[in-house]
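A.B. asks: Following the hints, position chains B and C against chain A.
Chain residues, written in single-letter form:
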Amino acid sequence: MFFVLAVALFPLGVGPGPERLAELAPGVLWVLALLSTLLALDGLFRRDYDDGTLEQMVLHAQPLFAGVIAKIAAHWLVTGLPLVLLSPVAALMLNLPSEAFGTLMVTLLLGTPVLSVIGAVGAALTVNLKRGSLLLALIVLPLYVPVLILGSGAVAAVVDGVGASAQLAWMAALASLSITFAPFAAAMGLKVGLE
Amino acid sequence: MSFDSVASFIAMGGHGLYVWSAYGLGLVVLLANLCAPYITRRRFFAIEGERARRGAVDADEVKS
Amino acid sequence: MSSAMNVLKSWWHRLGSPRSFYGIAGRLAPWFLGVGVLGIVVGFAWGLAFAPQDYLQGNSFRIIYVHVPTAILAQSVYMMVGAAGLVLLVWRMKLADMFMVAVVPFGMSMTALALITGAIWGKPTWGTWWVWDARTTSMLVLLFLYFGLMALRQAIPREETAGRACALLAVVGTINIPIIKYSVDWWLTLHQPSTFKLTEAPSMPPEMYLPLLVSVLGFYALFGGLAFMRTANVILERERATQWVQATVRQHVQ
Numbered sequence: 116m117f118f119v120l121a122v123a124l125f126p127l128g129v130g131p132g133p134e135r136l137a138e139l140a141p142g143v144l145w146v147l148a149l150l151s152t153l154l155a156l157d158g159l160f161r162r163d164y165d166d167g168t169l170e171q172m173v174l175h176a177q178p179l180f181a182g183v184i185a186k187i188a189a190h191w192l193v194t195g196l197p198l199v200l201l202s203p204v205a206a207l208m209l210n211l212p213s214e215a216f217g218t219l220m221v222t223l224l225l226g227t228p229v230l231s232v233i234g235a236v237g238a239a240l241t242v243n244l245k246r247g248s249l250l251l252a253l254i255v256l257p258l259y260v261p262v263l264i265l266g267s268g269a270v271a272a273v274v275d276g277v278g279a280s281a282q283l284a285w286m287a288a289l290a291s292l293s294i295t296f297a298p299f300a301a302a303m304g305l306k307v308g309l310e
Numbered sequence: 006m007s008f009d010s011v012a013s014f015i016a017m018g019g020h021g022l023y024v025w026s027a028y029g030l031g032l033v034v035l036l037a038n039l040c041a042p043y044i045t046r047r048r049f050f051a052i053e054g055e056r057a058r059r060g061a062v063d064a065d066e067v068k069s
Numbered sequence: 002m003s004s005a006m007n008v009l010k011s012w013w014h015r016l017g018s019p020r021s022f023y024g025i026a027g028r029l030a031p032w033f034l035g036v037g038v039l040g041i042v043v044g045f046a047w048g049l050a051f052a053p054q055d056y057l058q059g060n061s062f063r064i065i066y067v068h069v070p071t072a073i074l075a076q077s078v079y080m081m082v083g084a085a086g087l088v089l090l091v092w093r094m095k096l097a098d099m100f101m102v103a104v105v106p107f108g109m110s111m112t113a114l115a116l117i118t119g120a121i122w123g124k125p126t127w128g129t130w131w132v133w134d135a136r137t138t139s140m141l142v143l144l145f146l147y148f149g150l151m152a153l154r155q156a157i158p159r160e161e162t163a164g165r166a167c168a169l170l171a172v173v174g175t176i177n178i179p180i181i182k183y184s185v186d187w188w189l190t191l192h193q194p195s196t197f198k199l200t201e202a203p204s205m206p207p208e209m210y211l212p213l214l215v216s217v218l219g220f221y222a223l224f225g226g227l228a229f230m231r232t233a234n235v236i237l238e239r240e241r242a243t244q245w246v247q248a249t250v251r252q253h254v255q
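Chains as they are written, first to last, in this note's numbering: chain A, 116 to 310; chain B, 6 to 69; chain C, 2 to 255.
In case anyone wonders, no lab produced these hints; they're calculated from the structure.
Backbone N, C-alpha and C fix where the C-beta goes; we use that ideal spot for every residue, glycine too.
The reader is advised that the hints may include incorrect statements.
What the hints assert, rightly or not - Now the stretches of chain C that chain B is said to cover, found in silico as 3 or more residues with beta-carbon under 8 Å:
id, stretch
1, 52-58
2, 64-71
3, 122-128
4, 239-253
For reference, chain A alone in the conformation it holds in the complex (with noise of 0.2 Å):
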């Protein structure tokens, strides 16, 4: 897995030191999940756009944001599960305090989801263009911003010592937000961007 790849690759860059990985780690680890993610983006639209499915999904299915909820689902199954999942060796990688562990993994998944449903925007917005990975990476980092921020400001919290609750608070919120209303962007972006 990239996420891994690329968390390994960090410490040989910056030196073995253990507190400075330390500090850098919960930034690291949201920044490396992050990149991931859009990595990752490109193929959730793209596969089914070059052999034809998906302009049936858009032209048939009824109504169209609930394929777009299961597709990006499944690719949230595929891609982000794991991540989650695999986030303690990352962690462990980077020297993270053990106690913050939890809260990483709580953070990965509620903010991985909405990193593949605001992706999904930009993937729709993209799918047929040329370098469209490059252009959806350009669209969809600025609003991936906040995600970063509330995700690891979280771990950071926790290493601190500090309680994380009020960042948690605010991403169960984003979560509900952009889970409820991105699906219907992403499938107006299908629409647009097929026409």
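C.D. replies: Frame of chain A, contents of chains B and C only:
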């Protein structure tokens, strides 16, 4: 006036380089934004005018 | 009651007609531009020469008169683009797309200018060119949002599709802006318990505040004039095959 002389106005108490480069850049950007639509408009009428004129000439040629 | 609705509806439809907008734009643009240029010239001159020096920052604070208006406009224009996007998606008003195309470059230039003038201001005042504070970070994210809009528009060959795609992106972006600002604000209180606020306007005496107001109003008026002119240009370009544009061209050439 907050300044005693033109020289002190330009110097801006030692910060002159910063103040003037900021304003200079601002003015350049504003001017560019101001000129652009005029240039585009002129170019449009030049191209379309030419096209209309040619169209009229072709129409005359076809007639004769 | 229903006649009022009819008046409103016909006004809305007339507003959305590129041809009538072109006429309105032609009449109003010079006024807006004039007021804008005047406002900016007066605001700048006042701020540079007549406003008092700042107690702490000396004269470098005068950059505020160019930095703050650009920052305000950068954000306002994006919101307007988001609103126009909504109009395009819901009412399919072509004019909304023409407006978006016309003003996005200006908005992006304002964002870039805000960032650069902010950096220039930062150097003498706080010693560094760049500082990660709430405003600079949000402004940087805004630059990326604009960039995404422009890139998406370039990448889609069909004009109508490009318009709708950008409209959707702009709406999503606009909804996200308050979320981004809030999280960035909060990110900073996390990492810098002693937040230093870049520009705290509240304690500004009127001699400092008024030229700023004039500048901001000038920038807005200028934007209005530019928006009129540039949208009019887009209208000409896109409606070039119509009778009325051809007639306008012939009139112009005479």
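A.B. asks: Would you say the stretch 122-128 of chain C counts as covered by chain B, given the rule of at least 3 residues with C-beta under 8 Å?
C.D. replies: holds (count 3)
A.B. asks: Given as covered by chain B, does the stretch 52-58 of chain C meet the bar of three residues or more with CB within less than 8 Å?
C.D. replies: With 3 residues in contact (Cβ-Cβ under 8 Å with chain B), the coverage given for the stretch 52-58 of chain C holds.
A.B. asks: Is the coverage entry for the stretch 239-253 of chain C by chain B consistent with the three-residue Cβ rule at 8 Å?
C.D. replies: Per the Cβ count (6), the hint holds.
A.B. asks: Count the residues of the stretch 64-71 of chain C whose CB lies closer than 8 Å to any CB of chain B, then report whether that count reaches three.
C.D. replies: holds (count 4)
No hint from the list above goes unmet by this structure.
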